Amino acid sequence: MSSLAVLLIAIPLIAAFVSILSKKVAPYLLLIASLINVILLFYFVPDGIVVIGGYDLPYGINLFVDTFSRTGLGVVNVLFLVIVLLNIVEFKKYSSVLLVALAGLNGLLLTGDLFNLFVFLEISGIAAYLITTSNHKPLATFRYLIIGAVGSSLYLFGLIIFYGMFGTLNLMDMVSFIQANNVDPSALVLPAMLMFIGLGVEAKLLPFNSWVKGVLKDSNTLSGPMIAAVYAATISFVFGRIINNLLTLAFVGNLLIVVLVLLAVGIFIAEAMAFASTKVREILLYSSIAQASIVILLFVNGIVLWAVYLIIANALSKTVMFLVINKATKDHGDDESDSLQGVFSKNILVGITFSVATLSVMGLPLFMGFVVKLNYLTELAVGAQWALLAVILISSIIEGIYFVRMLIKLWYPEKNEVTVKFDLGFKVVFVAIALILLALGTYTAPLNTLDNSIDTIAEVIDNG
Amino acid sequence: MIQYAAIILIVFGLYGLLSNRNIIKMIISLNIIEIGLNIFIISVGFVYDGIAPILTSTNSSSALLYVDPLPQALVLTAIVIGVGTTALGLALAKKIYSKYGTFELDEMGDNE
Amino acid sequence: MSITILNFLIGLGIAFFGFVLQTSIAGLNRKIVGRLQKRVGPRWYQEFLDIFKLLSKRATSHGWIFDFGVIMALGGIIATAMFMPLTSTFNAFGTYDNFFIFVYLLAVGMLGMAMSASGSGNPWASIGVMRALTTMLAYEVPFMIIILTIIKIAGSSLTGIQLYQQAAGNNWFLIALPLGGIVGFISLMGMLGKKPFETYIAPAEIASGPMVEYGGKQLGMLFIMHEITVFIEVSLFVHLFLGGATNIFIFILKYFLVYTLANLISNVNGRFKIDQVVTFFYKWPLILAIVQAFIAIYLGWVI
Amino acid sequence: MKNLIAFVLSVALGVLMVLSLTNNDWFAQFGYVDLADRVSQSYIDKDVTGNPGEIIFGITSNPENGAANIVTSIVVDYRSFDTLGEVTVLFISALGVALLLNSQDKNKRLALNFKPNFMLRVGSRALFAIILMTGVYVILHGHLTPGGGFPGGTMIASSILLLYLADDQFRTKVKGFKLLEGVAGSFYVIIGLLGLLLATYFLQNFLPTGTVGDLLSAGVIPIVYILIGLKVGSEIAGIIDNFLTEEEVSL
Amino acid sequence: MANIELLLLFLLASGIVSYFLTKWKSFVGSVFTIFSTMFVFASLAMYGFSGQLDTTVNVIPVLSFAQTNIGFYFAIIIVFVYLMVSFFHPYFVGEYKYKNSYNVMFLLSLAGVIGTFFADNFIQLFFAFEFIVWTSMLLIPMGKSKKAAVSYYGFSAAGSFAMLFGILVMRSVSGSFDIDLGLASLAGGQATLVFVMFLVAAFSKLGAFPFHIWLPEAHGNAPHPFSPVLSGALVKLGAFVAVFAILRIMPSTPLIDFANSNLPHIPLGQYAVVILGSLSIVFGTLMAIKEDDAKKLLAYSSMSHGGYILVAFGIMTSQAVAGGFYHILAHALASAGAFMAIAAVAKQTGTTKMSELGGMIHKMPITYIVYLVAIISMAGIPPMGGFISKWLIFQAVIDKGMIFVAIAVFFGSIGSFLYVFRPLAALFLGQELREYKVKVKEAPFLMLLPMLIITALNVYTGVIPSAILNFTNGMLVDLGLAPVSITMWDIVGTTGTLNPALIALVFGFGVVIAFIIFIVLKKSKKVTLMETYTAGNFVHDEQLLHYTKDFYAPLERLYIKYTTIMKEFYETLAVKVKEIGRFGKYLFMNKFIGTTILWIIAILLFLLVGEVL
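Chains as they are written, first to last, in numbering that gives the first Met the number 0: chain A, 0 to 463; chain B, 0 to 111; chain C, 0 to 302; chain D, 0 to 250; chain E, 0 to 612.
I should point out that these hints are in silico values taken from the structure, not numbers from a laboratory.
Careful, some of the hints might be misleading.
[As the list claims (entries may be wrong)] Simulated crosslink set (BS3-like; lysine-lysine; CA at most 27 Å straight-line): (1) E:LYS590 <-> D:LYS1; (2) A:LYS278 <-> E:LYS577; (3) A:LYS426 <-> E:LYS96; (4) C:LYS272 <-> E:LYS560; (5) A:LYS414 <-> E:LYS146; (6) C:LYS282 <-> E:LYS289; (7) D:LYS107 <-> A:LYS22; (8) D:LYS177 <-> A:LYS23; (9) C:LYS52 <-> E:LYS560; (10) E:LYS590 <-> A:LYS414; (11) E:LYS548 <-> E:LYS143.
[Claimed, not checked] Computed list of chain A residues with no C-beta within reach of chain E, every gap over 12 Å: (12) VAL17; (13) LYS22; (14) LYS212; (15) THR247; (16) ASP330; (17) ASN374.
[Stated by the list, open to error] Chain D stretches covered by chain B per the calculated footprint, using a threshold of three residues with CB under 8 Å from any CB of chain B: (18) 31-40; (19) 119-125; (20) 213-226.
Note that the structure is predicted; figures quoted are calculated from it, not measured.
Ideal Cβ placement from N, Cα and C applies to all residues, glycine included.
The following block holds chain A by itself, in its conformation from the complex:
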């Protein structure tokens, strides 16, 4: 039954509505709902178009389940479940919010309707604002809210202009209309850019991302991995879908150059900002900005497959990194890299997994990051994007230097020992993720066999 995909949204939603009735039941609902989602996703949800309300596209709203969204759903739901499991005891009162967030994220990944996407953007956005209130930095949350709201307004603005031009809200309908009528790309510049900036705010592209700093630099074990891994992955997937189908029609000629320059500069400056930082979480957050920019850069260049893998690799790594650092900071009270020196000397296992995650982000061999990096660089080379290649490589050097510096500080104690205790659950998660990174870095067959033409919304439509 192809409509089962809708349950991925409906179940968390109904759980959310029910959860406010009883504070005691809420955490269990959260766990059950996210667990059911994972099970559903892997065993019951078939590929295809899910029609909602019985009206075919473009009139009704529909959901796409294809390899692309399925991959995104897999990553997001599993990581979500993991992060929730680790934090459920401490952050009970966020259960309802998290349920809504889950519904919103799944909706974002699934929907094939641009306005519906806006709605889910707002749902997940507001849920994200609420998740970040757990940092107890209302001002940072406020900044996130304002900028996020402006971002989604811009998206909506662009969307409405598109509607005014083509009379439809459905992504595929709009795309096929544009292609069929050979619309002059220059007519698409304003709405495309409005959409790009709007989504760019959420995807933390430089320079639209000043919210990230405030949100992540004081994050905790819930908000850190949630925003930096789960949300980042979701938005990247969604952004990828939009870019790859719609915006790419507008990104030709000068506009393409402008966008690429914007992204390339963003990558470099983000790495430089990380290089200039001393606080561990700042380093991580700037690095994730750079990584997000690389992902979008790949999407803009049409390198979908490896962009997807990069999203996955980053989500996995960032989960470990933020969990470790936020836990350590919570116990220690400071995330200055100098004061966290030697945090791993008593936590060898955690240290190893953290290092594996870091090395993977740096793109060193044996780990998933290497395979991904190598492949997307190859694809860029095949596309003869030498300047981009150079920027990414130079940025990688900077990235490597600050990560190595950080790793060494975290491994080798200077004066006073830092004592941080990691629970068993954390350790299990770290080891599991490290093993995944290692496994995908050494045994690349799963990566290679995954559908190479992952951007197949059109195919799904053709096949019904």
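Keeping the supplied structure of chain A fixed, place chains B, C, D and E upon it in accordance with the hints.
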């Protein structure tokens, strides 16, 4: 033209965000953007001589010229979403006020 | 060619001949300088007497490296001398008299002496070694540039270089490469440790430098080593710049003239400080050498 | 000075956006939209799943969508999923406000700085009833006339606001609102799931749509609108309550 | 048959085993490491020389291997150094903070080495290359300085990313990652680009000017047994890349021409490499002369020797290239020997600072001999291996008539006497310092054994080079160069013939003669080092009389103010990047919410101005 008035509202809202350091005023600016946007959405569906898209005993579906009903439906959603954001923003503002004792960003110091 | 024990004996003979020759000429030079300075001067065989006296005396030793270094020094120098051709037709190992062997085998001897000196535990010795090595760094580079020019023209076998000069109608490289000749001679002064480049011995300043702790047989052996070293260096100049020799007498004559000239020049000079030595060699001799090499190699102007 | 630059920049952006839209051949000129080019025409003709012929008020029966108010037909039927999301947004906002302001029943409500007199109290009660009734009317007739769950719900909430403002003793039962909110929301989703079970698709209209223009027509639309109305009303009332609650000062 | 793939798997497996063994008892784990390394070396040596290594792949599907002469030559040298160094582990590893991972990383990086040299496509090459980078990078901070690893990684990454860029350019031309196909497909501007990129990689791995900053940092501060690996083995990866860059890619560049010249012309590209190599030689030599830390001194000497290798490859004649290849071997042996000797001293005394040491010869004579032989080879003095390679390189330099290169080459050669002598005098000779008199002993047998083997090989390479030169001739043929003409005893150069065995024999003969002279004369009286001639004063303080600090002070004074230029350059670079970062934070991440809005407006404005006007 009403359409351009909407854009002017959006732009004024942006200007408000640029020039204000007061949290409440910023929320209001955000609202102005949203209102501008909503007007813009409605304007996209406007048809000269069109009537409201409601079937009545005198208006059947193909007899008359209707304005586009879809933007109106969208605007309904957009308004509610705007309300949600505003409510949350105001709640945050209250929280911030209780923490810093002021709505002025400049008076809060650097410790975010 | 096949090497037999005979070659070794010839080589040893050359080394011994070199020792005798240099020691005598050094004695003669002392006499000449004495005369110039209105003294009677010692007898010509005075040097021999000094050495034999030292060898016969009982000495002190500062540990095994002190002795080992001396043996290595003398052995290295003897080995070097064994390769030295006397004339264009007479040598021990035929065409194996590759120029680089002289430069680097000489260095083994130097290294042995330096080791031994440092092993004595006397800081003056270490300072002396430091100065010797620094001086070496100074004179070697301009010299090698000129050598490069010569080897480029005539190959690296010393016999070959002599034959080349003789074949061209006694066209000595001193004339063919005049600038090179000057540089070569200045470098020779440095090699010989003659004033103004005797900084590393500087008896009044650092108590004879490397030699400070020696006495008895070790000093005697080092004297022998020193004499043979001078023989090698002067012979090199003769073979490289003065067209070598067709028979032993011409060789002795040229040898005498070169050594005496160097000695005479040294007697009218003061002493450089060690950093002055370096800056001196890296200024004019190097520039001249480069100019010479440029002219000879790139422009092909060899007179 | 800074503000001037900001102003100039903003205005320039506005001008350029206007210019860009004017230059855009594809972007329909204001008021000259041909609905036939848009998906909207099908909503008006209700011919998404098949051509029912001309829809005539009070005559046509059992079209694919029975709402006379076309906007409502879009909001609650054609694009009902959006509305579900919209409800969720409001839901999470209310949740967030409660979370942020940490309000509980035990907290005091905000004191008024005047003492309401008897007239005000009674008058507001009377008005409360009228507003409430209007709200309910608007909700119930959402599929026929302008209005529906959202405006109706807001009216309900505004009636409660009125009580808050006019009566310093008034305090709602937040718990009750929550129950209403949760149940209404759940039922919305359940109706959607029923569509999946009874018909084929999520949120599909599984009831007969009746005759266009009847009060009891349009299948699930009125039901959904009632749920939305209750939910919106309770949520906004909850938000009002939260804002008007004195929070424990925790500096 | 030794299967490469199985060797790799074996190393991975023994890495895991050694982790637990070391955790249990560090000595046992380290001995296990020795045996693992030995097994790998033995398998390679047993089958490799006859070209019988099994390169088929059965287990890991994506890999593929090939045995080439060049790859095998590098592999056997580096694995040998690894083997020799592994003997040090039982005595060192126990002291390190993460001792179990030390052995693991060591074995893993060895696996990376094998992967590199037997790779038959660029991707695998790059994979193994990067693998070595991070495994070795994690070893470095267990030594003295934590920062060393950062600069090591930075330069390595710069190098490998440059190489990756080159690889990708090749990939885009040839459509595959195959090494031969890729290299064959290059032409014109792309060849130049790839050449430059590979050159950057080669220079930064080799630690050649201008990418040398990491060398002294990493070599000087790495754990004592790892410095020989870095200098003797891993630096040679750069040479391996240089083989690709210079000998296989070398684009056609304009010739440097002189009127009336009877010289064989040399293209600009080659000349650039040679000049940069020369700069490395000079810079490395000068820096080594002024260095106080023995390991850093040797690190700078590695830089200078890297320069020789580059000069040799850059000249590209048979002799030069043969000299370059030989120099790789000679320097690997020499620097491994020297570093190991210093590691042994450091093991006993705990320091490598020359100004804090002295008189070790009395307690550690064998270590002294090892060091002596190593530095003789390093200085290129017969009868050690370094002489052969330098002789070949000199031949080529003279043959090409490169004056300025010759200055550098000879300067480096003479300069090496200066700097290698300094640790010799400071560490081993001179007064025996009081603090080391009691506790210092000769290094244990297990440490002496590899050092003695290396010493023997240093002599062997210097006396009978023909076997090795025969092998390098095979490599030359692979590269399309004529082999160097050698007989059993002679090496025939363009300007003369060298008979290294004869030189050794004559040298031995001379020493025997000198020894006879010495022995027939009267025995000398033993006196202590305190009984020295010091202007009539009694000697009280030993340290005072050991001249080690600022050994070449007068010489240093001449150039000391220029020594920090490159370091400052990179520091400034880092500061600049940091400034960009801070500026970025100021621009994008400041506390005003309006900033982001401003950026949005600005970018939209920019685009619309472009679109509308």
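Consistency of the hints with the structure:
Of the pairs offered as hints, the one joining E:LYS590 and D:LYS1 holds, with about 16 Å between alpha carbons and a cut-off of 27 Å not exceeded. Proposed proximity of A:LYS278 and E:LYS577 is supported: the alpha carbons are some 14 Å apart, at most 27 Å. Pair hint A:LYS426 plus E:LYS96 holds up; C-alpha atoms about 22 Å apart against a cutoff of 27 Å. At roughly 20 Å between alpha-carbon atoms, C:LYS272 and E:LYS560 fall within 27 Å of each other, so this suggested pair holds.
A threshold of 27 Å between alpha carbons decides the hint, and for A:LYS414 with E:LYS146 the separation of about 16 Å falls inside it, so the pair holds. Proposed proximity of C:LYS282 and E:LYS289 is supported: the alpha carbons are some 22 Å apart, at most 27 Å. A threshold of 27 Å between alpha carbons decides the hint, and for D:LYS107 with A:LYS22 the separation of about 21 Å falls inside it, so the pair holds. Taking the CA atoms of D:LYS177 and A:LYS23, the gap is near 15 Å; set against the 27 Å cutoff, the hint holds.
Proposed proximity of C:LYS52 and E:LYS560 is contradicted: the alpha carbons are some 50 Å apart, above 27 Å. Taking the CA atoms of E:LYS590 and A:LYS414, the gap is about 34 Å. The hint is violated against a cut of 27 Å. Under the criterion of a C-alpha separation no larger than 27 Å, the hint pairing E:LYS548 with E:LYS143 is consistent with the structure, at around 21 Å. The Cβ of A:VAL17 lies farther than 12 Å from every Cβ of chain E, with a closest approach of about 36 Å, so its non-interface assignment holds.
The beta carbon of A:LYS22 sits about 34 Å from the closest Cβ of chain E, which is more than 12 Å, so the claim that it is off the interface holds. Look at A:LYS212: its CB is around 5 Å from the nearest CB on chain E, not clear of 12 Å, so calling it non-interface is violated. At roughly 16 Å from the closest C-beta of chain E, the C-beta of A:THR247 stays outside 12 Å, upholding its exclusion from the interface. Residue-level check passed: A:ASP330 sits 22 Å from the nearest beta carbon of chain E, beyond 12 Å.
For A:ASN374, the non-interface assignment is contradicted: its Cβ lies about 10 Å from the closest Cβ of chain E, within the 12 Å cut-off. Judged by the Cβ-Cβ criterion of 8 Å, the region 31-40 of chain D is covered by chain B as claimed, because 6 of its residues qualify and three suffice. For the region 119-125 of chain D, the stated coverage by chain B is not satisfied: 0 residues place a CB nearer than 8 Å to a CB of that chain, which falls below the threshold of 3. Coverage of the region 213-226 of chain D by chain B is violated [criterion: at least 3 residues with CB-CB distance below 8 Å; count 0].
This entry does not satisfy hints 9, 10, 14, 17, 19, 20, going by the numbered hints stated previously.
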